[in-house]
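Undergrad: Chains as they are written, first to last, in the working numbering: chain P, 357 to 692; chain C, 357 to 692; chain Y, 357 to 692; chain H, 357 to 692.
It cannot be assumed that every hint is accurate.
Heads up, the list lumps identical chains together, so a pair's fine if it works in one copy or across two of them.
Pairs of lysine to aspartate or glutamate residues, derived as EDC-like cross-links and limited to a Cα-Cα distance of at most 16 Å, are as follows [said to hold, decoys possible]:
(1) K434 - E407
(2) K525 - D515
(3) K497 - E512
The hints are simulated quantities; they were obtained by calculation from the structure and are not laboratory data.
Number of protein chains: 4
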Amino acid sequence: MWGRTDLIDESEEMVKHRTESQKAKLDNSEGIKFDEGRNGAVLITSIEVNEEGEKQIGKKQGKYITLTDLTLSPHDEKSFENIARTFIDHLRDMHKEFSLTDESKILIIGLGNATVTPDAIGPKAIEYLQNSSLTNNEKVKVVMYAPGVTGQTGFETSDFVSAISEAFKPDLILVMDALAARNSERLCKTIQITNTGIHPGSGVGNQRKEISKEVYGVPVTAIGVPMVVDGPVLYADAVEQVIHHVAARVEEKGKPSSALSVTPMVSNKTNIDKKVLEPIFGEWVGWSTEEKRQLFEEVFVGKNPSLFVTPKETDLWVEQYAYMLSTGIETWITSK
Amino acid sequence: MWGRTDLIDESEEMVKHRTESQKAKLDNSEGIKFDEGRNGAVLITSIEVNEEGEKQIGKKQGKYITLTDLTLSPHDEKSFENIARTFIDHLRDMHKEFSLTDESKILIIGLGNATVTPDAIGPKAIEYLQNSSLTNNEKVKVVMYAPGVTGQTGFETSDFVSAISEAFKPDLILVMDALAARNSERLCKTIQITNTGIHPGSGVGNQRKEISKEVYGVPVTAIGVPMVVDGPVLYADAVEQVIHHVAARVEEKGKPSSALSVTPMVSNKTNIDKKVLEPIFGEWVGWSTEEKRQLFEEVFVGKNPSLFVTPKETDLWVEQYAYMLSTGIETWITSK
Amino acid sequence: MWGRTDLIDESEEMVKHRTESQKAKLDNSEGIKFDEGRNGAVLITSIEVNEEGEKQIGKKQGKYITLTDLTLSPHDEKSFENIARTFIDHLRDMHKEFSLTDESKILIIGLGNATVTPDAIGPKAIEYLQNSSLTNNEKVKVVMYAPGVTGQTGFETSDFVSAISEAFKPDLILVMDALAARNSERLCKTIQITNTGIHPGSGVGNQRKEISKEVYGVPVTAIGVPMVVDGPVLYADAVEQVIHHVAARVEEKGKPSSALSVTPMVSNKTNIDKKVLEPIFGEWVGWSTEEKRQLFEEVFVGKNPSLFVTPKETDLWVEQYAYMLSTGIETWITSK
Amino acid sequence: MWGRTDLIDESEEMVKHRTESQKAKLDNSEGIKFDEGRNGAVLITSIEVNEEGEKQIGKKQGKYITLTDLTLSPHDEKSFENIARTFIDHLRDMHKEFSLTDESKILIIGLGNATVTPDAIGPKAIEYLQNSSLTNNEKVKVVMYAPGVTGQTGFETSDFVSAISEAFKPDLILVMDALAARNSERLCKTIQITNTGIHPGSGVGNQRKEISKEVYGVPVTAIGVPMVVDGPVLYADAVEQVIHHVAARVEEKGKPSSALSVTPMVSNKTNIDKKVLEPIFGEWVGWSTEEKRQLFEEVFVGKNPSLFVTPKETDLWVEQYAYMLSTGIETWITSK
């Protein structure tokens, strides 16, 4: 099941860096290479973190590509086709140093619990792939599994991948998984591709082993889509939005917002006039989202541990993404 | 799909009445007859509202029975068997004036969208019933349908029930549906049985026609289980809990809580020391949960309209309840 | 569930007529208008039966179109796209006197048992349609249901359609259903479109009411795909094939087969040299397939009543046809 | 997917041995130990084959237990409970030399294609087991997988089991699978338990590697239920039944059948009066079922390779068996 801080785009450091004033610094940083572009409605963020960058932002060195289309809807075939094309392009880009030959062997793993809807993207994508032209493929030898979750199978998922990997000896491992997001607006609207593997959130008790090149000796590309938001994250975010909503109404006549954010999906949350808002919301106004989240977490620890937030049409989203990821991977592999 | 204020137990008036100080009044009220009992871990609330009571609390006159077991878990077969037995007893009780004979005709309807997990209790229960001893039953003639939702079929669900009802001419209509709860602790832990039918929330835009005796001329018993919480309700509730959590720590040494609530599932939310809390949370401290909810609603209107909150193991809960309701109904009908 | 003699193409009379020598007669018949064509691999048979023809071949008067592609495979997207296009053309052709306007109301019914794989084409197609652009369609008002089978719901399916039809008052009813075939080669490889409605096989005990214009006063178009073969039909067919196989080997050197059949899917079964075969197979050689079938039926009556024969990949076939029929119907309705 | 000659009870040799006249011989044979008993409607056959027996009947040495209840129906809960109890008893019996301790490690594998209904018993049973008390079991360490079929995953199923087995190092491997039967009356009505593992039919082209103690060095217990009959087997059987049916009618007045078969499920097929039947069926009368099957196979080779025969309610049978096998295994493991 999903970890908690899966999207690099949402790491505290990256969010900070994305204000205009910080962007210059980021560009000059030697630890992180940051690039942004667009393909229609899809915003493409490409981040490369090296050893120094890993120390700076606490994210493992490697390459991270995120594709985000905030206008996406599960009923919108056109937009899905567009993000699908972008996905294939960046799959190709991510693996440009990996030359697919007639002898290539690829292991594709769909993580997650097939019986929990928002966690089923991986297993469903594998189901599609198992009925695709990749089965009995003449050119590339592909092996595909949806191992389920440790709690079901009794076997650590990472050990499963390891066992199959040792028997099959692939040249590349592709892992698909549902992720957790901090920002509910990102839910179901982002795909993250990274060559750093899968790193389940540390300190969540649920300390799974990572699935990565370091562990298996085989390159691992992880593809993830944020499908859930945890309660405390959501509550803190909601309070934040309420505060800014009220602030916006108070300052209605005020100056035009000068400090535009780099991307449309991170709202500008600086420059709140504390004096006006403190009577209403008290000291909370000055707390960071992270501090608010920690308070909510403290309150809810062990209370509703089993609640989560998903879009109303989760089933359709999962279906769309499973199909999209599977056809994207099929196209990339067969059109090498 | 679910309305918003489906559980009578959660109506503003009922919650107010449930403090010890108000209970006397409630008992003396001529509009509402209120009764409470237990069967093991199951709390049974029985409320009868007459014409006068309808004016008082804005809930339709009729009988409401709620069965609540806050300790329930989808893995706990024993507890499910206990609440199942209680459910059958109260199905029987609710229909004690309805004498089941060899000529009785019952129409059973499972409302909801089978492809949206938390909305699938009704359709899944119908699936179980269609494989039960009620098909081709010699004694009682039973007709069973899961009509889907209007947005799928193109036909108003209430008109569907009406059309089948006119053709089949049942003596009783049983309707099963997933409900929305205000209180996330109640999610999946309550069953409500009422002879007042199904009344989709008014003013939510989604103004469905009601399914009731008044509309069809046939007694309608509605059976519902709360499966989702709407965002604003949840956020307001979360802020409330944070405030009380902090209040509790501040007053730690304070007096024992004297004003015990009637039922364990409504936490005592009176007597907060505003002076201590206002610096931290501002005026919010003094707002009612409803006022907080309205502010969240204002902020989130049209923003994340499609988010909802469900338990992590929704799929298992839905399976358990669908099975439980179906076997309960089967047992009641065949053991008349 | 399927009747037994659903395909007009397989009726004894039609099969007889299809030998070259009989074709002239058929062409001159005033009761039956027969037309044949091709679209790529798809053989298109169009049969119009009038009152006189009904007496001749015992098939209800009306129009029957069958599309057959014996090369079809569930993995062959291209062929499915071709038969899909042909299907849309002939849907349009079948309804050319029915002018679709902005006020048109269409009721679409998917018959069959969703939980029995080969019977699930209708319900699955409805599922697709309920997620298509036909829901909330501005131009044409469409209502869609998969009512299940009488044995599940407790309600005669024909009465269901009647009840909804009376409430919705459609201008046209489209009914999709899985059919039974006599010839196992036709399984999953034929679509039949007819404006004569659904006529469950008479005399099979399972005497369902028909769904037709005569009964409802509304035009009914039935779309069917043969998915199963009954045991006795299959056994008789198998014996027939063994006899012809042996006959063919015996006569190997013999004359070229002169009496070519009109269509490739009915093998030429005349002119067997009885004298050579009777020692091996006895009098059976001279029996008609129908007589053989009756003997098998006599033996198996009540014995394995619940066996049926389906293709190994039924699940894939059902998926493909459900998708194909649903997109065909969607395209026809939205592109009027 | 299923092999063809999976049930030892149906091997040519065993069938021959089961006539009264042969039984004495079988009893005295030193290669085969044969035992029969009953538990209510369940016939229990226990066969032990040693090295010599392996040469005699061509079945691998080891122990085979078959439980057969010809009266079973998928709607009959009582009978399923009875065969379930018998199943648990014989699971225990089969493993009486295998002492389950707190350190025991068991690998449970459900073979088959989850998307092909009659092949889904294994995968569905695993699904049940993954939600059972065996997950996170304190006493016995259980690992469970449904690996799918080679054609889907791209990986030889036997290699999958081998890889997991090497990583997990179990003390016992339990494998569940759907089987093919020769006799359509046995379909869905027999469970075979054997410690000889899984041996896919040789010569069927589909030469899978076996899953057995010999291959992995770990005891393998295979549990199978016959779910399909291949066409040629079925046709030959049908012709056989027709011949005997006619023979029976011809000899109606004749002597009482003296050579009773040992078990009710193998009908007495000796002593047909050829002279009476040959005019009707020719030489066929004298052919063995196997010879008839070979002729059908010759005719149908490559023709309808993808047809199979299953009971009409396959879906219900699969559900019942998956549940029964899973609870049986759960009970055996947890009640050691």
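Undergrad: Taking 16 Å as the upper bound on the Cα-Cα distance, should K497 and E512 be classified as within, between, both, or neither?
TA: For K497 and E512, the Cα distance is within 16 Å only across copies (12 Å; inside one copy 25 Å).
Undergrad: Please sort K525 with D515 into within, between, both or neither, judging by C-alpha distance up to 16 Å.
TA: Answer is both; intra-copy 15 Å and inter-copy 13 Å each pass.
Undergrad: How would you label the pair K434, E407 (within, between, both, or neither) given a Cα cut-off of 16 Å?
TA: For K434 and E407, the Cα distance exceeds 16 Å both inside one copy (40 Å) and across copies (50 Å).
When each numbered hint is compared with the structure, a violation occurs for hint 1 only.
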